[in-house]
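Those protein sequence lines, which keep their order, are chains L and W. Positions 1 to 205 (the numbering used here) are the ones given, in order, by the first sequence. Positions 1 to 152 (the numbering used here) are the ones given, in order, by the second sequence.
These aren't lab readings, by the way, just hints derived from the structure by calculation. A virtual CB, placed ideally from N, CA and C, is assigned to each residue, including glycine. Treat the hints with care, since some could be wrong.
Short, incomplete list of chain L residues facing chain W, as computed with Cβ under 10 angstroms [said to hold, decoys possible]:
#, residue
1, Y71
2, N119
3, G120
4, F121
5, G122
6, L128
7, T131
8, S167
9, L171
10, K173
11, K184
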Amino acid sequence: MASFSQTEIPKVKRPKLGFHEAKFGVNLLRSGRTLLGSGKDMHEGELALAFNSWNYVFDFGTEKNERSGTYSYENSGTYFRAGVDRNFVQNPAKGNVLALGLRYARASFDDQLSYTLDNGFGAQDIDLSNTDLKARWMELNFTLRGKIVSQLYTGFTLRWKFSRKVSGEGLLKTFDIPGFGNTKRENATSFDYYLMWRIPLKKTE
Amino acid sequence: MYFCRLMSKGLLIILSICVLLGCSDIDNCTSDSNTSFMVVRFFDFETKESKKVGFRVTASGAADLFGLSADSLAIGLPLDPLDTTGMFLFDSDTNDYSIQVRYNASFSLFDPNCEPSLFFSGLDTLNSSFDSTAIIGIVTNRQLTTNIEVYF
Numbered sequence: 001m002a003s004f005s006q007t008e009i010p011k012v013k014r015p016k017l018g019f020h021e022a023k024f025g026v027n028l029l030r031s032g033r034t035l036l037g038s039g040k041d042m043h044e045g046e047l048a049l050a051f052n053s054w055n056y057v058f059d060f061g062t063e064k065n066e067r068s069g070t071y072s073y074e075n076s077g078t079y080f081r082a083g084v085d086r087n088f089v090q091n092p093a094k095g096n097v098l099a100l101g102l103r104y105a106r107a108s109f110d111d112q113l114s115y116t117l118d119n120g121f122g123a124q125d126i127d128l129s130n131t132d133l134k135a136r137w138m139e140l141n142f143t144l145r146g147k148i149v150s151q152l153y154t155g156f157t158l159r160w161k162f163s164r165k166v167s168g169e170g171l172l173k174t175f176d177i178p179g180f181g182n183t184k185r186e187n188a189t190s191f192d193y194y195l196m197w198r199i200p201l202k203k204t205e
Numbered sequence: 001m002y003f004c005r006l007m008s009k010g011l012l013i014i015l016s017i018c019v020l021l022g023c024s025d026i027d028n029c030t031s032d033s034n035t036s037f038m039v040v041r042f043f044d045f046e047t048k049e050s051k052k053v054g055f056r057v058t059a060s061g062a063a064d065l066f067g068l069s070a071d072s073l074a075i076g077l078p079l080d081p082l083d084t085t086g087m088f089l090f091d092s093d094t095n096d097y098s099i100q101v102r103y104n105a106s107f108s109l110f111d112p113n114c115e116p117s118l119f120f121s122g123l124d125t126l127n128s129s130f131d132s133t134a135i136i137g138i139v140t141n142r143q144l145t146t147n148i149e150v151y152f
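Based on the provided sequences and hints, a complete structural model is requested.
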């Protein structure tokens, strides 16, 4: 009787950690752009809860854009994103993150445009505003977080934003959407860099 | 070390994507396809052929008179963005015609470095003394060569 030797490849089991950590932090790029000026005032915070290899992520931000030239355009409002990331690192208990995720985002904002136009009817002062604009979109995110020291972590998130919808526009079509970017294209991308503090919820090591 | 490896792999992916996306983000003001006027094109009522005409055109409320040379086939007429209707009078040596249109104005920023963009949509005729009219394009856009055909 022939006998075959069989080499079994051990299956790597991910540890069941439950809710093992919370991280909260700020978006350094957005706050940095505010400090550097350029007519933008934007801040964003993030809270991430880790459950086994899944991260539940919530972002909240404020954004104000002022644009001017031969016109004056202002846009300000708030936004949030909520979603989940699948963390692909071998041991999520260490707090590092290499993840792909999905977000649902909404923004509430207003905008206004002022300028003088001559379209053959003499000089006309155009003052338009939208006071109750809403927008929603989806995001596909690629996230990386790594430990710097102690419980301090840093890393970036690359976002591809799609399925955008804006409601509440009047004569003025909005240009900026807080948290999304501008409306020149249907979809948008962004790069956000975070500094985060980790709070272990379980002793995992 | 682990973090550095993660970062270097991630940054490579990010940079590649940014290069690809950045290449498609070049715009200038002339590529804005919106226009702030409608195009009226003239046709012979009997033959349905294009018709060369000479008109003096007056828009109600407009400061300017729009003159058309005798061999014009079409005219671009501005619309008042602070109104939703406009009346145009076409005056020739032999006949006078008029047409009243309705529309919705829209303003947007095409690019922050350009003038705000103005265009009109929902274009329709309310009244006309031409023999016949036809709405060809309800939006004022460079890609449309005609908004309204008038037959007389």
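Outcome of the hint check:
The closest approach between the C-beta of Y71(L) and any C-beta of chain W is roughly 5 angstroms, which is under the 10 angstroms cut-off, so the hint is satisfied. Using the Cβ-Cβ criterion of 10 angstroms, the hint placing N119(L) at the interface with chain W is satisfied: the shortest such distance is roughly 5 angstroms. Look at G120(L): its Cβ gets to within about 4 angstroms of chain W, closer than 10 angstroms, so that hint holds up. Residue-level restraint check for F121(L) holds (minimum Cβ-Cβ distance to chain W is 5 angstroms; threshold 10 angstroms).
Hint on G122(L) holds. Least Cβ distance to chain W is approximately 5 angstroms, under the 10 angstroms limit. Because the smallest distance between the Cβ of L128(L) and any Cβ of chain W comes to about 6 angstroms, under 10 angstroms, the interface hint for this residue holds. This hint is violated: T131(L) has a C-beta 16 angstroms from the nearest C-beta of chain W, more than the 10 angstroms allowed. With a cut of 10 angstroms, the hint placing S167(L) at the interface with chain W is violated, because the nearest CB-to-CB distance is about 15 angstroms.
The beta carbon of L171(L) comes within 6 angstroms of a beta carbon in chain W, closer than 10 angstroms, and the hint placing it at the interface holds. Proximity of K173(L) to chain W holds as hinted, the smallest CB-CB distance being about 4 angstroms (cut-off 10 angstroms). Using the Cβ-Cβ criterion of 10 angstroms, the hint placing K184(L) at the interface with chain W is satisfied: the shortest such distance is roughly 7 angstroms.
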